[in-house]
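Trainee: Take a look at the letters that make up each chain.
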Amino acid sequence: MTGPADTTSLPESPAQPPALTYLRFLRRALGLAFSGSWRFYAWMIVLTAIALVGLHAWGTQLRHGMAVTDLSDHVSWGLYIGNFTFGVGLAAGAVLMVIPAYLYDDHDMHDVVIIGEIVAIAAIVVCLGFVIVDMGRPDRLWHILPWIGRFHWPVSMLAWDVLVLNGYLLLNLHITGYLIYQRYLQKAPRRRWYRPFVFLAIGWAISIHTVTAFLYQGLGGRPFWSSALLAPRFITTAFISGPAFVIVLLEVVRRARVLRFGDGPTTTLTRIMRITVLLNLFMLVSELFTALYAGGAHAASVRYLFFGLHGHHALLPYIWTAVVLNVASAILLHLPQSRDDKRWLLAACGCAFVGVYIEKGIGLIVPGFIPSTLHELVEYTPTFVEWKISAGIWAVGLITLTVALRIGLAVWSGRMSERSAGTQTASPSGAPEHAGAQSVG
Amino acid sequence: MTAGPTRRVALKVLGGTLGAGAFAYAARPLAQWTAELSLEETLRRHYKELSAEELAQILRRLEEETKKTHGVDVQIRDLPAQEGVSFGYALNLSMCIGCRKCAEACHHENNHDRRTNNSYIRVLEMEQGSFDMERGKVDYDHAVPAPGKYYMPVQCHQCDNAPCVTVCPVEATWKEKDGIVVVDYDWCIGCRYCEAACPYHARRFNWTAPEIPPEEMNPDQGYLSNRLRPQGVVEKCTFCLHRTRAGRLPACLEACPTGARVFGNLLDPDSPIRWVLDNKRVYVLKEELGTRPRFFYFFDV
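Protein chains in written order, with my numbering: chain V, 97 to 537; chain S, 9 to 309.
Be careful, since some hints might not be right.
So the derived label-pair ranges between C-beta atoms look like this [to be verified]:
no.	chain 1	residue 1	chain 2	residue 2	range
1	V	288	S	69	33 to 43 Å
2	V	203	S	42	46 to 56 Å
3	V	417	S	69	43 to 53 Å
4	V	243	S	152	47 to 57 Å
5	V	228	S	48	55 to 65 Å
6	V	243	S	69	21 to 31 Å
7	V	390	S	101	35 to 45 Å
8	S	48	V	139	56 to 66 Å
9	S	122	V	352	57 to 67 Å
Listed below are several chain V residues computed to face chain S (Cβ distance under 7 Å; list not exhaustive) [said to hold, decoys possible]:
no.	residue
10	117
11	156
12	231
13	252
Note that these hints are calculated values from the structure, not bench results. We put the CB at the ideal spot given by N, CA and C, even for glycine.
Bound conformation, chain V alone:
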């Protein structure tokens, strides 16, 4: 494996063609993705192993059919679509770093905004993975491509989702790719090459989660989803899971000492979460009240989800865990200890992340199908194959995140640049040469 340390070309070569410089950047980036400390290797090997288990399980599902899942004609979406929905929220939530950094000129946030954009990319990779494994015929994926297939746009909300998710992925790939490469060249990025895209991406982030909510909200035959509160609640929970994940990630980056930055970003994100966790609980109460006070057949799914229906109560452990975690995160975030002690804050983020994961995953998708449209009660519990495939996709997401962050932060901190091409690249465990580089834009 060719590592960056093997690069022996001369540091200053202004006459070199740009394409070659870019190729060398890619080669060094690739090198960085395949070399590091034993911890890095261990992490990547574990993730790769999980991804391969998932790949094997997916192949099995394709060969033998989706009968290997617990899905049925009654509950036709489950763990995969639940994870997909949660992933979209995670991707949209990362925009909460972009808004302070670019709209409010928060300089501290600007130093780390690249991390949020990388999280968005990894989250979209996860979303696309979950959509593909949920398809019965992924070999016909090209049917859903605009112009090439038969794209049912603008009628089908799923066609909209294909557009906004892939558009969001491309936008973020462009923004991060451009900024990182300019930093690598040690050039000031040109505003017109990224600022319009950044502002577009802010609106786009809201759109991906709104469209995903509309996907369910637009189905008149499913009373559990057919609520105007669904999209606002999606955005609110996105603004819980996104910041929660980023706060934990910032702490990891800080402890790995790959980038030096202030406490401002964490404080800003914590403040946002203090509001969104309460807003989410408020919306939950509002939904429960609407469903339960008047009663009637429309409330059957809510009754099934929270209390069980006619002796069926498979979702009770899930949803009450979610409720307890969401309440716990709200309490923890408002305790004074979470302001002074990182451990309290991280615990709060952990609770919030898992709480939203359950509530928006299984807790949102499955009860939409129970009772069925003919009011049959058929339950659903994910099979081992479904868990293996899901774990595999998350592992792919974490691999994407790790590699992108390694490259991005090596450049961002100034450890990897065109100037340093001839010198030894510092290992990630080593101290950065001049961390906390000036912000751009």
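We have chain V; now place chain S onto it with these hints.
Mentor: Just chain S, lined up with the frame of chain V:
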């Protein structure tokens, strides 16, 4: 050269070899699945873009495939919607006794999977004096008709404002001129969005490849109806269009022992379906959803 780098290289080579082996093992089911696919079918264009010759070729290929896999000579036709015909269906709930002969006939007519006993029709046993489906039962297992009950078979309502057609991201399902909502099984990507959208539980997904003994296969097949479905795609009731477009009646109607079912051309003033619509107080299921079904229920009294 020191021992350090050598050992590291050796470890990397070892790791790389193990990794490649693990990858090959993990990818094997995927590779086997890919090998079973046919490139010709994968790259085929949309049904509405096919020329008459291309469609004829596809029909012959599908017939050959069935011959190869099941050893049965079947005839797959693609009968077009007839001019001046718009199908409608009505069901007399006063006469239905809940015997489920219609569901059984559907099972055989449409070459359904034998293991799951699939059918496009579900019969609900309802309580007298209630329209509440929550109090209905599908899995009743006793002599019918039971006292205090009435029976309500539900199948695709061929809605004029069909949510399943709206949501399909690839136009694999559409409404034909005679009102039938069809699926092209060779275009469907299996996302099951239509299954989530349908308010009548009318759609079925092929969770495995359907299993039918060759001697029980119905050889009279339609491309958009009862031909063998592949694994991983959605299917639905088509009012037996391979029969009804050839002037015959749906299999479920012929099987009904009480004559509860009425089928015909809504545009023909002398058709039995028109007589029902003109003389009976009919209603449709979940009218409030705005789906505009072509399947009507009525009581005799």
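Trainee: Are any of the numbered hints broken by this structure? If so, which, sorted upward?
Mentor: 1, 5, 7, 8 and 10
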